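A.B. asks: Sequence:
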Amino acid sequence: MSVVGIDFGSLQSIIAVARNRGIDIVCNEVSNRVTPSLISFGPKQRFLGEAAKTQEVSNFKNTVGSLKRLAGRAFDDKEIQEIESKFINAQLVDVDGQVGVKVRYGESETSFSATQLVAMYLGKLRDIAAAELKSPVSDVVISVPAWFTDSQRKSILDASEIAGLNCLRLINDTTAAAFGYGITKTDLPEDKPRHVVFADCGYSSFTVAVVAFKKGQLTVKSVAFDRHFGGRYIDEVLVNHFAEQFKEKYKIDVKSNPKALFRLRAGCEKLKKVLSANTQAPLNVESIMNDIDVSALMTRDEFEELCHDMLTRMEDTLNRALKDSGLTVEEIDTIEMVGGSTRIPAFKERLSKFFGKEISFTLNQDEAVARGCALQCAVLSPVFKVREFSVQDVTSYPVKFTWTASDSGAESQLEVFSHNNPVPSTKVLTFYRKDSFDVEAYYSNPELLPPGVNPWIGKYSIKNVVPTADGELSTVKVKARLNVHGIVSVEGAYIAEEIIKEEEEEPTPMETDGEKKEEETTEAPAPKKVKKIIKKTELPVVGGNTNTDKSVVNKLRELENEMYAADKLVADTEERKNALEEYVYDTRSKLESKFKDFVVPDVKESFSKQLYDTEDWLYDEGEDATKSVYVNKLNELKVIGDPIARRCREYEERPRSARSLRETIEKYAIEVTSNDPRYEHIPEEEKKSIIDRCEKVQAWLAEKMDQQSVLTKVQDPIVTSQEILKERDSLINFATPILNKPKPKVEPPKEEAPAPAPEKAEDKPKADTPEMEID
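Heads up: the sequence shown begins at 1 in the UniProt record's numbering, then just goes up one per residue.
Some hints could be false.
To be verified - What follows is a list of derived Cβ distance ranges for each label pair: (1) I499 <-> A130: 49 to 57 Å; (2) P677 <-> K638: 52 to 60 Å; (3) V93 <-> S287: 26 to 34 Å; (4) D301 <-> D96: 13 to 21 Å; (5) T736 <-> Y585: 41 to 49 Å; (6) T475 <-> G106: 44 to 52 Å.
If you are wondering where the hints come from, they were derived from the structure by calculation, not from laboratory data.
Given the structure is predicted, the values throughout are model-derived calculations rather than measurements.
A virtual CB, placed ideally from N, CA and C, is assigned to each residue, including glycine.
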């Protein structure tokens with residue numbers, strides 16, 4: 001089972017996998033550790049990731065980026081119209097209530113929603129991971145910004161489903177980085193927590209999280225963010241500066257030409273990166289517009305002066321994060337940085353100055369989030385055993401529930417999930433009703449949301465509510481849930497009815513002096529125990545929210561599968577076309593050199609003409625042929641060309657194979673006829689069987705090579721190198737078991753018991769003699 005984490009970025013994405021007791025970053029098809037978050041649409045197929053990057057300049061009107069910024073947003077959102085439209089060259093349109101793009105795909109213009117675009121891109125990341133793991137990918141954890149709303153999170157989940165992925169969790173970027181940081185630490189305290197600030201500045205946003213670490217757990221204390229502070233906004237400051245400079249210097253208006261503006265943005269992004277490591281850097285853009293090449297030079301001091309106001313904004317985010325955490329600067333133990341834009345020296349200086357501490361560089365700034373996602377996926381996967389480590393995240397937007405009061409008819413409301421409420425979390429709301437009623441969920445502070453985002457989350461109807469048996473108001477419990485993805489829902493509802501039940505207690509037998517009392521004639525009444533039972537009657541809940549209908553998701557998934565199959569067919573067709581073209585050029589070249597002695601002149605002439613005709617066909621009517629046509633054309637050529645190539649190959653390889661067989665025969669003949677002590681235990685008849693086999697194989701080889709010697713190069717061989725090698729292998733398989741036969745074990749001689757020593761005369765018993773008595 002695959003365990004994959006995806007850091008889904010606005011500019012580029014990173015894939016991490018858990019394997020071999022660690023986390024690895026997956027390289028894409030061009031061996032890059034990051035994959036551009038781009039989709040490009042062409043006349044025949046879609047281009048995704050690296051392939052789209054190569055199309056970005058030539059096909060920029062049909063190339064879409066900033067996919068993450070579009071997900072879950074409406075077309076008429078103020079932020080989409082005023083900001084995002086600047087960074088997307090494709091035409092933005094309304095697609096079923098959400099923002100999408102209109103592009104030329106195939107033979108006509110087609111519109112795709114943001115959710116479809118994200119699904120296409122996730123499908124590409126899925127294929128990259130599957131190619132690395134050599135197995136299908138299903139379970140994933142995907143990172144999203146902490147500022148994503150309910151609808152944006154649902155859009156990513158829908159896109160995952162359309163792409164055939166099972167998203168186990170949407171995790172906030174900074175939380176993923178914190179998880180990757182904490183789970184590897186073995187020195188976390190058990191009582192007083194360690195407070196770490198994670199500052200994540202990426203391509204399009206800046207997020208700060210204050211996290212408390214204890215042994216085996218992390219708790220996010222606060223999260224603050226700036227949705228419009230990041231690398232692309234710094235690039236925009238540079239673009240505006242150089243656009244004005246080029247207007248004066250070269251008399252051109254870069255902003256009037258979309259393609260020129262795109263080229264200038266790319267140049268400014270490169271300039272910014274160079275200035276992060278050097279005190280000055282050049283800007284050169286060839287043929288930016290009207291065949292004019294432009295150039296400029298900027299120092300780091302000039303850069304920081306231009307970006308001063310932009311960089312000052314980061315302090316507002318830091319202050320909010322610190323205030324919401326309830327901590328002081330002195331209580332912060334460590335500052336960790338995440339995101340590519342944190343490499344800007346001025347950014348690091350301001351961050352260090354704010355906290356009055358040196359910045360720690362424990363984490364990989366680019367890969368920390370992806371690694372944290374993969375670790376979280378491993379924790380949620382049943383096949384991986386990961387160190388116990390709990391993660392408690394927080395919600396960025398407070399949520400309230402509203403309803404109509406049953407007595408007065410007035411609207412009532414309650415903030416159920418406050419700002420920085422733990423995630424996941426469940427709250428039980430109690431209502432007293434006689435009939436069905438509705439509750440609605442809203443974001444409490446719409447001003448905190450991205451401009452233009454509807455604060456309404458969903459409406460939930462609690463059905464089948466009835467009064468109690470006495471006709472009184474029933475107690476209805478409604479379970480509101482802020483789930484692991486950070487999405488609000490009503491999970492269920494039930495009527496809670498208290499039932500009092502009396503049960504008789506068994507009397508305890510009384511004993512005296514270890515003996516039972518005689519049975520009394522009069523029985524005392526048994527005491528009764530009162531027991532309260534809560535009876536739950538489940539109620540149906542009908543929800544209406546911003547979720548995409550399941551039937552729509554299934555339809556989009558089918559459409560995505562069709563486009564995926566079409567892309568694969570185009571890729572396979574192109575591969576077959578290239579194979580045919582390669583065969584034509586390679587074979588035609590060899591006909592005049594390597595193959596010329598292995599084909600009769602008439603065949604060579606006709607085959608050469610066939611190759612030329614195929615080349616002409618490829619660049620004429622065969623330009624857009626089907627896969628099967630290319631396959632058939634190649635097979636027709638191979639019918640003539642393969643025998644020629646085989647004769648040439650056999651001419652070169654047959655002598656080598658024959659030499660190898662002769663060496664093997666000679667080797668065995670020497671081994672079995674020598675007095676080598678290694679083989680002295682082998683019976684002579686078995687040695688002779690090897691010699692006989694060698695002689696038989698040698699005779700076969702001599703016969704075949706004699707027959708081959710009378711043939712010309714243009715004739716098919718009598719014997720092939722493969723057949724010769726097969727005979728060699730057969731001989732080895734016959735002789736090896738005999739020669740490797742182990743020597744029989746020889747029993748060591750037994751030690752004989754020593755013979756008894758001969759008896760001496762004095763030791764022998766004497767004959768009985770009468771005892772002499774002396775008076």
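A.B. asks: Are any of the numbered hints broken by this structure? If so, which, sorted upward?
C.D. replies: 4 and 6
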